[in-house]
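The primary structure of each chain is shown beneath.
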Amino acid sequence: MPRGAAIEIRDLTKRYGDVKAIDAVSLTVAEGEFVTLLGLSGSGKSTTLMAVAGFVDPDGGAIAISGSDVTTLPPEKRNLGVVFQNYALFPHLNVFDNIAFPLRMRRHAESEIDTQVRRVLDLVSLRDLSARRITELSGGQQQRVALARALVFSPPVLLMDEPLGALDRQLREQLQIEIRRIHRQLGVTVLYVTHDQEEALSMSDRIAIMADGRIQQLGTPHEVYMQPSNRFVAGFFGESNFLDVAVERAGDNPVLRPKGLRDITLHAALRRPLSGDRFLAMVRPEAIEIGDSRDPAFENNLPGTVEQQDFLGATQRLTVKTGAGSVAVRMSRLANAAALPAGAPVWLKWRAGETAVFDAQD
Amino acid sequence: MTGSRLASFATSATTALVCVLLLLPTIAVMPLSITETNFVTFPPRGFSLRWYETLFTSDAWRGAMVTSFITAALTTAVATPIGTMMALGLARLKGRWVGIGNVFILLPIIVPTIVTGVALYGLLARLGLIGTIPGLVLGHSVLALPFVVINVAAVLQKFDRRIEQAARSLGASPLTAFRLVTLPNLLPGVAAGALFAFLTSFDDFVIALFLAGIGAVTLPVQMWSGIRFEISPAVAAASTVLLFMSCLLLALQWWVKRR
Ligand SMILES: Nc1ncnc2c1ncn2[C@@H]1O[C@H](COP(=O)(O)OP(=O)(O)O)[C@@H](O)[C@H]1O
Ligand SMILES: [Mg+2]
Chain V
1 MPRGAAIEIR DLTKRYGDVK AIDAVSLTVA EGEFVTLLGL SGSGKSTTLM
51 AVAGFVDPDG GAIAISGSDV TTLPPEKRNL GVVFQNYALF PHLNVFDNIA
101 FPLRMRRHAE SEIDTQVRRV LDLVSLRDLS ARRITELSGG QQQRVALARA
151 LVFSPPVLLM DEPLGALDRQ LREQLQIEIR RIHRQLGVTV LYVTHDQEEA
201 LSMSDRIAIM ADGRIQQLGT PHEVYMQPSN RFVAGFFGES NFLDVAVERA
251 GDNPVLRPKG LRDITLHAAL RRPLSGDRFL AMVRPEAIEI GDSRDPAFEN
301 NLPGTVEQQD FLGATQRLTV KTGAGSVAVR MSRLANAAAL PAGAPVWLKW
351 RAGETAVFDA QD
Chain D
1 MTGSRLASFA TSATTALVCV LLLLPTIAVM PLSITETNFV TFPPRGFSLR
51 WYETLFTSDA WRGAMVTSFI TAALTTAVAT PIGTMMALGL ARLKGRWVGI
101 GNVFILLPII VPTIVTGVAL YGLLARLGLI GTIPGLVLGH SVLALPFVVI
151 NVAAVLQKFD RRIEQAARSL GASPLTAFRL VTLPNLLPGV AAGALFAFLT
201 SFDDFVIALF LAGIGAVTLP VQMWSGIRFE ISPAVAAAST VLLFMSCLLL
251 ALQWWVKRR
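Protein chains in written order, with full-length UniProt numbering: chain V, 1 to 362; chain D, 1 to 259.
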């Protein structure tokens, strides 16, 4: 079974004219790890990935694979599997010859090529399509061929640039699961690019959130979702509530005082020291529970009145007006929202561990 | 309703009329070539293929046809690879160089052919290439290059450069990637460009008139001499052959593009 190789990216910088496409990006991907670069369009994800693949010549920094420097190595010598945006299959070759291409480049015997191509066709569940022309395949099938072609020579690293971007939602979710399975099965190291936050959360061991050519935060899906390091990262994953707070007592269990509220203090579990005056406390709408009085079982209690209810299908959203501003609360569809008409007084309560704090400037 | 139908009928009728007017003189040449007489008459008298026979038996006419074919074939062989490379280079230009590059490539089409003819005459006379097939091939290649570039560039525009990168990532050197991936995908454009190059050379009269001398007379030049001294029906037969060749090449080109 092929083992993955570690990728080390150090201070990678690339300029296009005055634009810094990426700015001192550093990232280490462990052997067999699945790391995703997540960010909006133009944030530098592809530039980073293509620098690893060897198609972007960086202005500064270094890239090492399995500990050996590849920064100046041409792409064909790097032995990496690459799945491109829109697949980049060879339109003049059929499925078999597309997948056999890397093996022919490596001068394998035809019998060996046949065995290997069949192996990966099985892996991506395309056994019967080897004689098809590329133009006769659906988007999902093309994506599988691209994956098979990038894996057939057992590269230690697989790079994927928005591989599912062109597919519809259902197919995307199905292929996400398959890519995860293949990753586990082969133990290959994966560096994955997407702008879809759900895709990143569900697939990755770790996520690097990029903006303006820099990595904003690197962490497990839980870390980046629950403890975002700045407002941008928090805003990237679905809905969030931001409260202006002052930090009253710094340290491991800081006391936060919401602006505009005298006798309320909030609590967060924090791993970083804070300094400064203006901070934002963040809590996710689904982390908040509704009660009719202060509840000592929760570290955070905030009174308010119901402003609005929205039915969203699986969930319902309650907008609650508090002294610190409007707060969105997500409840299960099954919660009894009828008991919470507009104007009803409520208490919002949530755990310290659900509260993230960051500098309002960031 | 009827108003718009009338308008649509009028448009169709006008289009048909213009087409007929454009084609008529060309088509009118054909019947002239089957006359039995020694001179051009309209309508032709009798039916005979003797003027076609002349075309293929007389030294002057047969020589001209052979020269035309060889020149066109060699022009295709010269202009196609060079034009393909030019299109590839052009696709890599950035910023304002794109516009400059495009104009430069189209220059042989923009400059009046007679000016190109004069310029080529001056140059090739000094090199002693007047009246030689290599001289003609050089001149025709200048004319044909833009057509190859345009055809290859059109295909190149639709070509996804990333499949070249894909080939590299799979282990192909730049040259191998070009040979195994880029070129096969550009082939329709290259083929169309080659047919255009052949046609350009085969049809050309102006450049050939300057460069043909007495040693490399092409079919159009021979036709011109044929009209100047005696209006022989062989000229009409040659016209028909030329017309047929043009149609054939255009049809071939259309077929290549459709695939
Ligand atoms: N070849 C290029 N020429 C000029 N600018 C580029 C080029 N490639 C990327 N950029 C710029 O660099 C930035 C990052 O691009 P990219 O890495 O493609 O972002 P992403 O993949 O996250 O959408 C963008 O501002 C983009 O316009
Ligand atoms: Mg991108």
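Simulated from the structure, these hints should not be mistaken for laboratory data.
Any given hint could turn out to be false.
Unchecked claim - Taking lysine-lysine pairs in the BS3-like style, the calculated list, with each CA pair at most 30 Å apart, reads: (1) LYS20(V) to LYS77(V); (2) LYS257(D) to LYS94(D); (3) LYS20(V) to LYS158(D); (4) LYS158(D) to LYS94(D); (5) LYS321(V) to LYS259(V); (6) LYS77(V) to LYS158(D); (7) LYS321(V) to LYS349(V); (8) LYS257(D) to LYS77(V); (9) LYS257(D) to LYS158(D); (10) LYS349(V) to LYS259(V); (11) LYS94(D) to LYS20(V).
Next item on the list: Please flag the earlier hints that this structure goes against, numbers listed from lowest up.
Entry: 8
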